[in-house]
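Colleague: For reference, the chains in residue letters:
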Amino acid sequence: MQIDVRLHEGPLPATPCWSVDGAGAVMRFEGVVRPMEQGRPLAALAYEQYPPMTERELHRLAEEVATAHGLLAIRVVHSHGRVPVGAVSFQLDVASQHRAVGLAAMDEFINRLKREVPLWKLPVFAGKRGADEKTP
Amino acid sequence: MQIDVRLHEGPLPATPCWSVDGAGAVMRFEGVVRPMEQGRPLAALAYEQYPPMTERELHRLAEEVATAHGLLAIRVVHSHGRVPVGAVSFQLDVASQHRAVGLAAMDEFINRLKREVPLWKLPVFAGKRGADEKTP
Amino acid sequence: MPTQVTVKLFGPQAKLAGQEAVALTLDAAAPTCRDVRAALAEAQPALTASLPGSRLAVNHEYADDDQRVSADDEVALIGMIGGG
Amino acid sequence: MPTQVTVKLFGPQAKLAGQEAVALTLDAAAPTCRDVRAALAEAQPALTASLPGSRLAVNHEYADDDQRVSADDEVALIGMIGGG
Numbered sequence: 578m579q580i581d582v583r584l585h586e587g588p589l590p591a592t593p594c595w596s597v598d599g600a601g602a603v604m605r606f607e608g609v610v611r612p613m614e615q616g617r618p619l620a621a622l623a624y625e626q627y628p629p630m631t632e633r634e635l636h637r638l639a640e641e642v643a644t645a646h647g648l649l650a651i652r653v654v655h656s657h658g659r660v661p662v663g664a665v666s667f668q669l670d671v672a673s674q675h676r677a678v679g680l681a682a683m684d685e686f687i688n689r690l691k692r693e694v695p696l697w698k699l700p701v702f703a704g705k706r707g708a709d710e711k712t713p
Numbered sequence: 578m579q580i581d582v583r584l585h586e587g588p589l590p591a592t593p594c595w596s597v598d599g600a601g602a603v604m605r606f607e608g609v610v611r612p613m614e615q616g617r618p619l620a621a622l623a624y625e626q627y628p629p630m631t632e633r634e635l636h637r638l639a640e641e642v643a644t645a646h647g648l649l650a651i652r653v654v655h656s657h658g659r660v661p662v663g664a665v666s667f668q669l670d671v672a673s674q675h676r677a678v679g680l681a682a683m684d685e686f687i688n689r690l691k692r693e694v695p696l697w698k699l700p701v702f703a704g705k706r707g708a709d710e711k712t713p
Numbered sequence: 005m006p007t008q009v010t011v012k013l014f015g016p017q018a019k020l021a022g023q024e025a026v027a028l029t030l031d032a033a034a035p036t037c038r039d040v041r042a043a044l045a046e047a048q049p050a051l052t053a054s055l056p057g058s059r060l061a062v063n064h065e066y067a068d069d070d071q072r073v074s075a076d077d078e079v080a081l082i083g084m085i086g087g088g
Numbered sequence: 005m006p007t008q009v010t011v012k013l014f015g016p017q018a019k020l021a022g023q024e025a026v027a028l029t030l031d032a033a034a035p036t037c038r039d040v041r042a043a044l045a046e047a048q049p050a051l052t053a054s055l056p057g058s059r060l061a062v063n064h065e066y067a068d069d070d071q072r073v074s075a076d077d078e079v080a081l082i083g084m085i086g087g088g
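Chains as they are written, first to last, in the numbering used here: chain A, 578 to 713; chain B, 578 to 713; chain C, 5 to 88; chain D, 5 to 88.
For the record, the hints were derived by calculation from the structure and aren't laboratory data. Among the clues, some could well be false.
Said to hold, decoys possible - Some chain B residues close to chain A (C-beta under 10 Å, calculated; not the full set):
#1 608
#2 611
#3 647
#4 663
#5 664
#6 665
#7 675
#8 678
Said to hold, decoys possible - Calculated pairs, BS3-like style, for lysine-lysine (alpha carbon to alpha carbon, straight line, at most 30 Å):
#9 D/19 <-> A/691
#10 C/12 <-> B/691
#11 D/12 <-> A/691
#12 B/691 <-> C/19
What the hints assert, rightly or not - Distance windows between CB atoms, simulated:
#13 D/86 <-> A/578: 21 to 31 Å
#14 D/86 <-> C/72: 36 to 46 Å
#15 D/53 <-> B/616: 28 to 38 Å
#16 B/688 <-> A/592: 25 to 35 Å
#17 D/86 <-> B/689: 27 to 37 Å
Bear in mind the structure is a predicted one, so any value in this text is a computation, not a measurement. Glycine included, every Cβ here is placed at the ideal spot set by N, Cα and C.
Take these sequences, add in the hints, and give me the full structure.
Modeller: In structure tokens:
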């Protein structure tokens, strides 16, 4: 079982999908920063991590999900720092022998990510350069 | 709503994931030809279509799923003809504002694809060059 | 007057039948898809097991059992499919 | 003897509190995470609403309410998270 977890500063670059030996289903999920938040136009999201706990919890989650669903491989990359609107802040790749387990694993990973991994986002609203980015 | 449906002869080439305006979630599913079928080593799968019904039903399904789930965009490419083991025969890209609808749409599309779209696969077993590829 | 209908076969069903089309002669002047299924099972016993899970298409559209077919229609058996 | 504990804050909770850490003085010699929560709510009323949905981490591991903390431990409030 391949497990690869990484935090990356800023927006995630485009990367090719993998090929994994023996996989019948390979899937990717990308989270993109949306242009509005609470009805207001956004410039970016600022992601804050708590090293090294964030990466450790990401890894623990990846391992648990991969084991529970019998995945062949899982790869997780999440941004920290500022990610502008329209850019990718989160990328999850899953490879499995069959489709159903892969989709279920992807769903579970994302649900648990939002509850279990110490990672915060603060909105940076448009027209207020950096104003909301730091605590006062 | 963007809908893009295509049949492609042979294995699908690697293509970059898209960016779609306003999307918060972009996901891709790839179906890969697995090395074994019914316990026997496989050389390839031979996909047979029924033109123009196959592409028309693929398009109808894409449209129904995109409408039902309120997707921003859906793109479907499926191989016909021979696709060797390890190569991609099916690629589904979905873009949505939120994650949950995108994952549900992907799941529904693949389930219905396997029941509703006239597309057949015949195993081409290893070591019997082309033997199972054609009806006698 | 009997009606001549040819049913196209694909994939595993073409393999089972050993041919890519079955020519049927149906007694009715305006037979239904139900009649086509029955005649197909009789002409190609190898297909019988897969017929309940199969659909007929008439002129590239899925058809239900009551739909009538004529000799001019293109009829196809859509069964044992499985893309992806 | 009272125990000094500093609780790190992040993201929206740091914003609500207007600071990135809260220094607490707890009466017990070996206070529990439950004691830390109570003291935190008192010291930073702005955090009260978000505390039930938050967890404490002690030395980078999630801790339950009965776990004891000492002045040497690194304590963090993990709440209002949401990656992806």
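Colleague: Now tell me if each hint is right for this structure.
Modeller: Each hint, compared with the structure:
1. Given the 10 Å rule on beta carbons, the hint for residue 608 of chain B holds: about 6 Å separates it from the nearest Cβ of chain A.
2. Evaluation of the residue 611 of chain B hint against chain A yields a held restraint, the C-beta minimum of about 4 Å falling below 10 Å.
3. Against a cut-off of 10 Å between C-beta atoms, the interface hint on residue 647 of chain B is violated, since the closest Cβ of chain A lies about 15 Å away.
4. At a threshold of 10 Å, the smallest CB-CB gap from residue 663 of chain B to chain A is about 7 Å, leaving the interface hint in force.
5. The interface hint given for residue 664 of chain B holds, since its Cβ lies 9 Å from the closest Cβ of chain A, which is under the 10 Å cut-off.
6. A hinted interface residue such as residue 665 of chain B counts as satisfied when its beta carbon comes closer than 10 Å to some beta carbon of chain A; here the least separation is about 8 Å, so the hint holds.
7. Look at residue 675 of chain B: its Cβ gets to within about 9 Å of chain A, closer than 10 Å, so that hint holds up.
8. With a least beta-carbon distance of about 12 Å to chain A, the hint placing residue 678 of chain B at the interface is violated under the 10 Å criterion.
9. Using a Cα cut-off of 30 Å, the hinted pair residue 19 of chain D and residue 691 of chain A holds, with the two alpha carbons roughly 19 Å apart.
10. Note on residue 12 of chain C and residue 691 of chain B: the hinted pairing holds, with a Cα-Cα distance of about 20 Å set against a maximum of 30 Å.
11. Between residue 12 of chain D and residue 691 of chain A the alpha-carbon distance is near 20 Å, which keeps this suggested pair within the 30 Å criterion.
12. Distance restraint check for residue 691 of chain B and residue 19 of chain C: the Cα-Cα separation of roughly 19 Å lies within the 30 Å cut-off, and the hinted pair is therefore satisfied.
13. A hinted range of 21 to 31 Å holds for the C-beta pair residue 86 of chain D and residue 578 of chain A, which are about 27 Å apart.
14. Under the hint 36 to 46 Å, the C-beta atoms of residue 86 of chain D and residue 72 of chain C, about 59 Å apart, miss the expected range.
15. Checked against the hint of 28 to 38 Å, the C-beta distance between residue 53 of chain D and residue 616 of chain B comes to roughly 59 Å, which is inconsistent with it.
16. Checked against the hint of 25 to 35 Å, the pair residue 688 of chain B and residue 592 of chain A passes, with Cβ atoms roughly 29 Å apart.
17. At about 32 Å, the CB distance of residue 86 of chain D to residue 689 of chain B agrees with the hint of 27 to 37 Å.
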